[in-house]
Each structure stands twice: as structure tokens, then as C-alpha cells.
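Here are the chains, one letter per residue:
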Amino acid sequence: MSAATDRTQATPSGTPLLEVTDLAVEFRTPDGVVRAVDGLSYRVEAGRTLAIVGESGSGKSVSSLAVMGLLPDTARVTRGSVRLGGTDLLTLSRKEHRARCGDQVAMVFQDALAALNPVHTVGYQLTEALRARRGLSRGDARKRAVELLDLVKVPNAKARVKEYPHQFSGGMRQRVMIATALAMDPDVLIADEPTTALDVTVQAQVLRLLAEIQAERHMGLVLITHDLGVVAGVADDVTVMYAGRAVEQAPVVPVYTTPAHPYTRALLRSIPSAAGTGRLPVIPGRPPSPAAMPAGCPFHPRCDAVRDVCRTDVPPRATPAPGRMSACHFASDIMAGREPAPEAGVTASASGGSVPEPKGDPDD
Amino acid sequence: MGRYVLRRVAQAVGMLFLVMFVLHLLTTLAIQLNGNPALAFFGDKIPSPAQVAAVEQRFGLDDPCYDQPGNPCLGPFVERLGQYAQGDLGTNLRGREVTDIVASAAPNTLRLFVMVTITWLVLGMVLGSVAARWRGSPSDHGIRLTSVLIDALPVFVLLLVYKEVVTVPLSGWAKETFGEDSWPPYWFKPSFDPEHPWATVAVPGILLGLAGSAAFIRLVRASQLDSYGGDHVRTARSKGLNEGRVVVHHVVRNSSIPVVTAVGLTFAEALSGAVITEGIMNIYGMGGVLWDAVQSSDVGLVLGIVTILTAVTVLVMIVVDIAYAALDPRIRYE
Chain A
466 MSAATDRTQA
476 TPSGTPLLEV
486 TDLAVEFRTP
496 DGVVRAVDGL
506 SYRVEAGRTL
516 AIVGESGSGK
526 SVSSLAVMGL
536 LPDTARVTRG
546 SVRLGGTDLL
556 TLSRKEHRAR
566 CGDQVAMVFQ
576 DALAALNPVH
586 TVGYQLTEAL
596 RARRGLSRGD
606 ARKRAVELLD
616 LVKVPNAKAR
626 VKEYPHQFSG
636 GMRQRVMIAT
646 ALAMDPDVLI
656 ADEPTTALDV
666 TVQAQVLRLL
676 AEIQAERHMG
686 LVLITHDLGV
696 VAGVADDVTV
706 MYAGRAVEQA
716 PVVPVYTTPA
726 HPYTRALLRS
736 IPSAAGTGRL
746 PVIPGRPPSP
756 AAMPAGCPFH
766 PRCDAVRDVC
776 RTDVPPRATP
786 APGRMSACHF
796 ASDIMAGREP
806 APEAGVTASA
816 SGGSVPEPKG
826 DPDD
Chain B
103 MGRYVLRRVA
113 QAVGMLFLVM
123 FVLHLLTTLA
133 IQLNGNPALA
143 FFGDKIPSPA
153 QVAAVEQRFG
163 LDDPCYDQPG
173 NPCLGPFVER
183 LGQYAQGDLG
193 TNLRGREVTD
203 IVASAAPNTL
213 RLFVMVTITW
223 LVLGMVLGSV
233 AARWRGSPSD
243 HGIRLTSVLI
253 DALPVFVLLL
263 VYKEVVTVPL
273 SGWAKETFGE
283 DSWPPYWFKP
293 SFDPEHPWAT
303 VAVPGILLGL
313 AGSAAFIRLV
323 RASQLDSYGG
333 DHVRTARSKG
343 LNEGRVVVHH
353 VVRNSSIPVV
363 TAVGLTFAEA
373 LSGAVITEGI
383 MNIYGMGGVL
393 WDAVQSSDVG
403 LVLGIVTILT
413 AVTVLVMIVV
423 DIAYAALDPR
433 IRYE
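In order, the protein sequences belong to chains A and B. Quick note on our numbering: the first sequence kicks off at 466 and runs consecutively. Quick note on our numbering: the second sequence kicks off at 103 and runs consecutively.
Hints in this document: simulated from the structure, not taken from any laboratory. Quantities reported herein were computed from a predicted structural model and do not represent experimental measurements. Just so you know, even glycine gets a beta-carbon here, dropped at the ideal spot from N, CA and C. Take the hints with a grain of salt, since some may be wrong.
[What the hints assert, rightly or not] Every beta carbon over 12 Å from chain A, so not counted as near; a handful from chain B, in silico:
#1 M117
#2 V121
#3 F123
#4 L183
#5 T201
#6 V216
#7 V228
#8 F280
#9 S329
#10 Y330
#11 H334
#12 A338
#13 E345
#14 V377
[As the list claims (entries may be wrong)] Cross-link-like lysine to any residue pairs, in silico, SDA-like; alpha carbons within 20 Å at most:
#15 K560(A) - N344(B)
#16 K627(A) - L429(B)
#17 K608(A) - R596(A)
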């Protein structure tokens with residue numbers, strides 16, 4: 466597959482199309498202010514696919530809404546920058562922000578049935594932006610709509626542009642959603658769980674289509690998913706998010722072979738495989754509520770390699786190997802497949818200070 | 103779309119027939135239990151049996167079934183349907199054609215309804231949209247408070263205050279300012295003027311519409327808020343469309359579906375408001391005519407008018423259904 470060749474050839478060089486730095490997003494809730502995203506950074510380069518992986522509530526969708534300027538009124542960006550072609554989008558007015566994104570960054574939403582307007586034809590929605598913002602005539606718009614549907618391999622495109630979203634099957638609807646995103650010829654495509662609502666065979670088709678289009682147009686693709694199994698086939702780089710933070714960032718192959726964060730390791734273990742027998746390992750516990758974040762490492766209550774330092778100190782962004790990031794006190798140990806020694810906390814955390822006590826109850 | 107419309111029309115014809123039949127059963131039962139309405143023709147005088155028989159024959163009340171309580175009187179019903187089919191709705195007790203009465207009274211009621219509907223739509227759409235778009239702002243709170251105030255003010259109070267307190271000084275002022283023969287004095291005339299039907303119906307219609315607009319404002323606000331939170335609106339924004347376009351094509355357009363339905367449903371309700379308004383403002387219209395007919399036991403006129411009102415209501419329902427389908431493709435292809 467083309468994406469695979471890209472992965473070996475492309476080098477992380479040149480200026481990124483989209484660069485998110487130290488992004489933090491807060492929500493106002495009746496219970497006070499909660500931080501949904503905290504210090505997220507990533508870069509998207511032409512022709513490369515970045516997968517952002519995490520459970521629901523990990524901040525992966527919220528961060529992309531922040532990039533697009535689509536946060537709800539109760540949320541606001543408190544820190545960081547989103548640079549698109551040399552401009553920090555977060556310094557623009559909301560109107561300019563959305564206009565810039567409409568031209569260069571497009572988003573594919575999760576539930577295409579809800580994300581497409583039920584009362585307008587597919588053709589109208591495909592070319593709405595082209596007509597409103599680039600002044601395309603009605604006839605040209607119709608032609609372009611048919612081309613776009615052809616591009617995403619919807620059969621009988623000429624007739625189907627006149628139909629409404631509810632007349633499409635789930636997979637076809639998601640293709641329409643992708644075509645809508647491609648209409649303005651964006652440089653970056655953000656796909657937020659594009660296959661969640663689909664059954665497995667259709668999922669594979671839609672992912673393959675996304676990968677093909679991405680390679681063909683040399684776009685940057687951000688693929689947001691909760692499914693590490695989906696990532697392996699299409700992504701070049703992976704960012705694993707937990708509780709609003711990036712816990713591991715690395716090229717895709719090392720993430721699978723030598724994960725450097727216990728959360729990534731646990732996620733990988735819980736991917737079901739056809740050959741698997743016995744019980745599927747799960748990660749015990751639940752992600753923390755953003756309103757009640759545990760002290761220290763946010764993952765420590767669920768971590769199988771937890772040490773005392775994890776309960777008190779927020780782990781620094783360690784670099785266990787070139788081009789890799791892991792927010793774990795014991796990143797090198799986890800990457801090497803070693804259980805961190807009780808005393809290793811002092812050297813690996815680089816935080817100095819107290820001597821950690823022997824390992825406590827692992828179920829803690 | 104064509105099949106959908108056809109099916110709706112067929113349903114409407116069936117409904118019309120059903121309503122007419124129920125109406126017939128009710129009036130028949132009323133005659134059977136309550137006595138001969140032909141007597142009402144004579145007022146205080148005591149007629150001879152021959153006179154009564156002549157009147158009964160003239161108004162189609164001579165069928166013996168009217169003396170048998172419980173008899174559905176299908177014979178006269180079929181006969182009346184035949185007459186209706188020929189456009190003959192009978193006469194009132196004074197021998198005037200029902201169609202003629204309706205033809206002179208209906209246009210004024212229709213004018214009133216036009217004003218009412220325009221007021222609903224304008225107030226509802228404008229205030230509801232503003233409240234939804236700037237949710238939680240002072241204007242939102244103000245609009246919601248206003249809608250509660252409107253609800254608390256019954257239409258007859260509104261009209262009486264207008265008529266007794268406002269009209270005279272206002273029309274006097276208008277005469278002085280714009281001259282005797284200009285339009286403005288008629289707008290504020292305290293009673294209906296058949297020479298200037300539109301001008302003298304306008305303000306009462308607006309007031310009646312205002313009294314019913316509170317529910318509309320809240321409905322528009324609620325359905326637009328629903329759309330604002332919708333995923334498809336987020337998609338539209340992600341395309342970089344300006345907010346005005348998003349509001350018009352993705353919020354107002356989508357939330358117009360429940361609003362249109364409500365216009366149709368409240369239309370039938372507005373008739374009771376019309377009776378009050380026509381009474382207070384002396385407008386010669388369907389409400390007043392129906393009220394008088396009921397008062398004077400004029401069976402033929404009541405039946406004729408109610409049948410026509412049913413037909414109009416059914417027609418409005420069809421129009422609403424078609425508008426609904428035009429607005430929402432999911433209905434069209436059900």
C-alpha cells in the first residue's frame with residue numbers, strides 16, 4: 466500500500482503544515498473549571514499520517530475542535546499555539562480562524578448521519594463552501610460534486626448528488642463526509658473517529674480510501690481514534706493521549722514493538738487478535754475525571770508498573786530514544802521491556818529529592 | 103412527492119367526510135332530543151300545524167326520523183351531501199343563501215387570519231432567533247420575560263384596552279396629522295369599516311396575533327437552540343462559512359420544520375380568538391355569524407358554516423403537510 470512506502474521514504478523534515486504547541490483547553494462546568502487538554506503538542510507534515518489515540522474523554526476530539534476553532538462556548542483555549550503556514554490561528558478572530566481552516570484544514574466528523582444536514586442534498590453540502598466562498602456557479606458546482614463523489618468511490622455519483630444523507634448507507638455516508646472535507650482541497654485533513662459508527666469490513670474500506678486519498682494528494686492526515694488496531698495499517702506517527710495529555714509520541718513501528726509508556730503497553734495488550742485465546746486483558750479502572758485529576762502521573766492509579774514517585778511527581782517529557790517522547794518516570798525501562806526497579810525512580814525521574822520507598826501494593 | 107401529496111389529499115377528503123357525518127349525527131340528536139328547530143322560525147308566535155309543516159319541508163326537517171331519538175337519519179344526510187356537491191349549502195332561517203352569507207363574511211375573517219399569521223411569524227421568527235443566537239444574553243432574558251408577559255395578558259383584555267383607551271386619541275391624532283382622508287386614521291378606527299376592510303382589520307389582527315405569539319417565540323427559540331447544538335451546524339462551520347450563512351441555511355432552515363407545523367395547528371385555534379376579536383371590534387366575519395347562528399338555533403346556517411370551516415381547516419392541514427414535506431426530505435421519502 467502506498468501509505469506503507471510513504472512511511473519508509475518520508476523523513477520528518479521541512480516545515481510542518483500544522484504545528485500544535487503546548488495546547489491547553491478548559492471547560493466551564495457547573496462543578497467548576499476542568500482542563501480537558503493540557504499541554505498537547507504535535508506536528509503534521511505533508512504526506513504523513515499522525516494518529517492520535519486515546520480513550521473517550523482523553524481530549525483527542527476537543528483538541529482538534531480547538532485547532533478548527535469549533536470549540537463550544539463553554540470551552541476556551543488557555544495556552545498554546547496552533548500554527549498553520551506561519552500564522553498562529555489562536556491569535557485570529559473566530560471568524561478569521563474558521564475561514565483559514567475552511568481553506569486549508571478540513572475535518573471529517575464521527576457520526577456522518579448527524580454531521581450532515583438532513584434537509585440539504587448531498588450535492589449541495591459537498592459544494593456549499595465552494596459556491597459561497599469561491600463563487601462557483603451552480604453548473605460548475607454540480608460537476609464538481611459529481612467529481613468529489615467519484616473520488617471517494619460512491620457508485621453512480623451523477624444520480625446520487627441529488628439525494629439526501631438519509632438515503633445513503635452508513636459507509637457511503639462516511640464517504641460523502643470525506644468528500645465534503647476534500648471539497649476545498651485542504652492541506653490537512655483531521656478525521657475524528659471516521660470509522661466508529663461503521664461495521665468492520667466497511668471500516669477497513671473507509672480507512673483504505675482515506676490512506677489512498679492522503680497519499681495521492683500529499684495531504685497531512687490526523688487520524689483520531691480509540692483503536693490502536695486501526696492505527697497500525699495507516700499511520701506514520703502516533704500520539705497516545707491520556708487524561709488530556711500526550712503520554713507517548715513516536716513513529717508507528719516502535720510504538721508497537723517497544724512501547725515506552727505503560728498505558729501504550731496496556732492498550733496494545735488489549736487489542737483482540739484472531740489467534741488469541743483466553744481472556745482479553747483489560748486496563749483496570751477508569752480514566753480519571755478531568756474534575757478530579759489524581760496527583761502525580763494521571764495514569765498511576767491504573768498503571769501496572771507504578772512506583773511511589775508516580776503518586777507524587779508529574780512525569781517529565783522524557784526522550785527514551787531519538788524521535789520519541791514518553792511521559793513516564795521509567796520510560797527507558799518500559800521501552801526496554803524491564804520492570805522498573807524500585808530505586809530506579811531516583812535516576813530516571815531526574816526530579817531528585819526524596820528516596821522512593823519500596824514498591825507498594827500493585828493494585829493500589 | 104406527487105404520491106405523498108395525493109395520499110394526503112385522499113386522507114383529507116376522508117377526514118372532511120367523517121367530520122361532516124359526526125356533525126350531522128350531533129345536530130340530528132340535538133333536534134331529536136331538543137325539539138323542532140322549525141319553531142324557532144316563528145319566534146314568539148304560535149304557528150298552526152300547517153305552517154310548521156311548511157317550514158319543516160322548506161328546511162328539510164320533515165323527515166320522520168327527526169322524531170325518533172337514536173335514528174341516525176342517513177336519508178337527509180345523503181340528500182344534504184348531494185346538495186353540497188352541487189354547491190348548495192341551503193339557506194338560513196330568513197331564506198338567505200348560506201354561500202352568500204359566507205361569501206360576505208369570510209373575507210374579513212381571512213384578512214384577520216392573514217394579519218394574525220404574519221404577526222406570529224414575524225414576532226416568533228425575529229424574537230425567537232435573536233433569543234436563540236444570543237442565548238443567555240440580556241436580550242434573550244428580555245425576550246423570554248416578554249413572552250411570559252404576553253401569555254399573562256388575555257386577548258380580550260388587550261383588545262378592550264386598545265378599543266376603549268387607545269383608539270380614540272390615536273385616530274384623532276392621526277386625522278390631525280395626516281388628514282381626514284388618509285390611511286392612518288382608519289388603522290386606529292375603534293370599529294370595523296366595510297369600506298376599508300384591510301385598514302380597519304390590521305391592528306385588531308396584529309393584537310390577536312400578538313396574544314398568540316408567545317408560544318411561537320418560545321418554540322422558535324427552542325428549536326433553533328436545538329439546531330445550534332447540532333453536529334451538522336458544526337460541520338457547516340468547519341467549512342469556513344460565515345456565521346450568517348450558517349444561521350440561515352443550517353439553523354433557521356432546519357428549525358423551520360416544527361414552526362410550520364405549529365402554524366397549522368394553531369390556525370384552527372385562532373378561530374376562537376377570531377370570535378372574540380370580531381365581537382369586540384365589530385368586524386363582520388365568520389366568528390360573529392356563527393355565534394349568531396348558534397344563538398338563534400339556525401341549524402342550516404350552523405351546519406353550512408361549520409362544514410366550510412372544517413373544509414378550510416383540512417385544507418390548511420394539507421398545505422402544512424406539503425410544506426412539511428418540502429422542508430424535510432425525510433418525510434417525502436418515508
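Quick rundown of the hints versus the structure:
Listed as a non-interface residue, M117(B) keeps its Cβ farther than 12 Å from every Cβ of chain A; the least gap is roughly 28 Å. With a closest Cβ-Cβ approach of about 33 Å to chain A, V121(B) is found to remain outside the 12 Å limit, as its non-interface label requires. Annotated as non-interface, F123(B) keeps its C-beta farther than 12 Å from every C-beta of chain A; the closest such distance is 38 Å. The Cβ of L183(B) sits about 41 Å from the closest Cβ of chain A, beyond the 12 Å cut-off, so the non-interface label holds.
Against the 12 Å criterion, T201(B) stays outside the reach of chain A, whose nearest CB is about 42 Å from its own CB. Annotated as non-interface, V216(B) keeps its C-beta farther than 12 Å from every C-beta of chain A; the closest such distance is 27 Å. Non-interface call for V228(B) relative to chain A: holds, since the shortest CB-CB distance, roughly 22 Å, exceeds 12 Å. Here F280(B) stays apart from chain A, with its beta-carbon at least about 45 Å from theirs, past the 12 Å limit.
Listed as a non-interface residue, S329(B) fails to keep its Cβ farther than 12 Å from every Cβ of chain A; the least gap is roughly 10 Å. Y330(B), annotated as away from the interface, has a beta carbon of chain A within 12 Å; the closest lies near 10 Å. For H334(B), the shortest C-beta to C-beta distance to chain A comes to about 4 Å, within the 12 Å cut-off, and the non-interface label is violated. A beta-carbon of chain A comes within 12 Å of the beta-carbon of A338(B); the shortest separation is about 7 Å.
Once the 12 Å rule is applied to beta carbons, E345(B) is inconsistent with being away from chain A; the minimum gap is 7 Å. Distance to chain A confirms V377(B) as a non-interface residue, since its nearest Cβ pair spans about 37 Å, more than 12 Å. A threshold of 20 Å between alpha carbons decides the hint, and for K560(A) with N344(B) the separation of about 7 Å falls inside it, so the pair holds. For the suggested pair K627(A) and L429(B), the alpha carbons sit about 15 Å apart, so the restraint of at most 20 Å is met.
Only pairs whose Cα atoms come within 20 Å are accepted, and K608(A) paired with R596(A) is accepted, the gap being roughly 12 Å.
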